[in-house]
Amino acid sequence: MYNQLLGSSLLGNSYGISSGSFSFVNLVLANATSHTRTRWQTFMSDKLKSIKSWINKNGYPLEMKVAKTLKEHGFDIAQSILYKDSETGKYRETDIIAHVTKGINNVWFNLTFIFECKKTIGKPWVVFTNHSDNKSQNIQPPLFASKNAQILVQTILKNNDYRSPILFPDLKKYGYNIVTSHSENKNLAYSATQSVTKATEYLVKKSNESNKKFCNIYVPIVVIEGDLIEASLNYDNDIELLEVDYSTVVSTKSFEEQNSSLLTVVTSDYFGKFAMELMGDCEQFFKNYSKEIELISKNHPTNIPTNIYDNDF
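By the UniProt record's numbering, the letter at position 281 of the sequence shown is numbered 281, and the numbering carries on one by one without gaps.
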């Protein structure tokens with residue numbers, strides 16, 4: 001021990017530093033380390049701020065908030081599920097798919113909601129609307145559904161007076177076009193509605209190609225972080241604008257087998273209440289259509305017949 005201490009003393013002396021000077025050197029090194037650490041923390045802080053700014057700019061927090069809200073109201077959700085674009089043949093991502101499921105006689109009945117989320121602050125979306133007294137809730141609406149779900153709706157129309165808002169939305173006032181205001185080139189509203197519609201069509205197609213025992217109804221929904229405006233003509237042929245929480249849009253394709261489709265656009269500010277009401281509609285759907293669902297589970301459990309006598313579509 002003595003020799004070790006002596007060696008240390010001699011080592012210090014060999015560099016011209018007395019043993020009492022080591023505390024000063026250590027203090028200088030400690031300050032240098034603290035300064036480096038501060039610079040590193042500042043660098044990392046600036047880097048994280050930059051990433052956070054990019055995340056906010058691209059609207060990811062909206063998608064996360066919508067998913068969280070859906071979970072809180074009892075929906076099962078999946079995020080970033082791929083679908084195949086029918087026009088380009090490329091795979092793209094959905095934002096959120098939420099569903100409510102009930103099993104009857106080993107057949108799964110699914111109410112599935114496909115969400116597209118868009119940040120639109122500063123550029124309100126405008127829905128051009130028509131008013132019609134002829135949109136009856138006693139006719140089959142434009143619906144995204146598997147083959148056996150289409151039969152379910154026909155059965156409901158014949159046998160049940162209850163009209164679920166999921167299947168039979170009030171179309172006395174409906175939108176026929178949607179655009180992004182203050183935008184000359186890129187129409188985000190159009191591209192978003194097309195994207196969620198294509199994703200929904202893909203899911204319907206895959207449902208009808210499967211022999212699994214399920215019955216699927218799909219509803220496309222766009223959630224926007226920004227303002228939503230409905231535009232219509234009044235009796236004096238002047239444009240009337242009304243700020244709304246949500247709106248229903250019906251699009252029509254010429255010469256298509258299913259030439260009409262329906263989707264809902266809802267603002268993020270209203271989405272908490274919307275999700276709560278939507279879950280209530282799902283619960284009422286299963287409660288009020290239990291007899292019709294039971295019938296489909298027995299007679300049309302799949303969408304691909306297992307033999308020529310099954311599922312007489």
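Among the hints, erroneous ones may be present.
[What the hints assert, rightly or not] What follows is a list of derived Cβ distance ranges for each label pair:
(1) Asp161 x Asn106: 43 to 51 Å
(2) Lys49 x Glu93: 41 to 49 Å
(3) Tyr176 x Asp236: 35 to 43 Å
(4) Glu209 x Asp236: 47 to 55 Å
(5) Asn106 x Leu241: 34 to 42 Å
(6) Tyr162 x Met276: 56 to 64 Å
(7) Leu241 x Lys291: 41 to 49 Å
Hints were generated in silico from the structure; no laboratory data involved. Glycine included, every Cβ here is placed at the ideal spot set by N, Cα and C.
So, going through the hints one by one against the coordinates:
1. Asp161 x Asn106: 43 to 51 Å: Violated, since aspartate 161 and asparagine 106 (Cβ atoms, about 29 Å apart) do not stay within the stated range.
2. Lys49 x Glu93: 41 to 49 Å: 26 Å, violated
3. Tyr176 x Asp236: 35 to 43 Å: Once the Cβ atoms are compared, 21 Å apart, the range 35 to 43 Å for aspartate 236 and tyrosine 176 is violated.
4. Glu209 x Asp236: 47 to 55 Å: The hinted range 47 to 55 Å holds for glutamate 209 and aspartate 236, with Cβ atoms some 52 Å apart.
5. Asn106 x Leu241: 34 to 42 Å: 51 Å, violated
6. Tyr162 x Met276: 56 to 64 Å: Distance hint for tyrosine 162, methionine 276 is violated at roughly 20 Å.
7. Leu241 x Lys291: 41 to 49 Å: About 45 Å separates the Cβ atoms of leucine 241 and lysine 291, which means 41 to 49 Å holds.
When each numbered hint is compared with the structure, violations occur for hints 1, 2, 3, 5 and 6.
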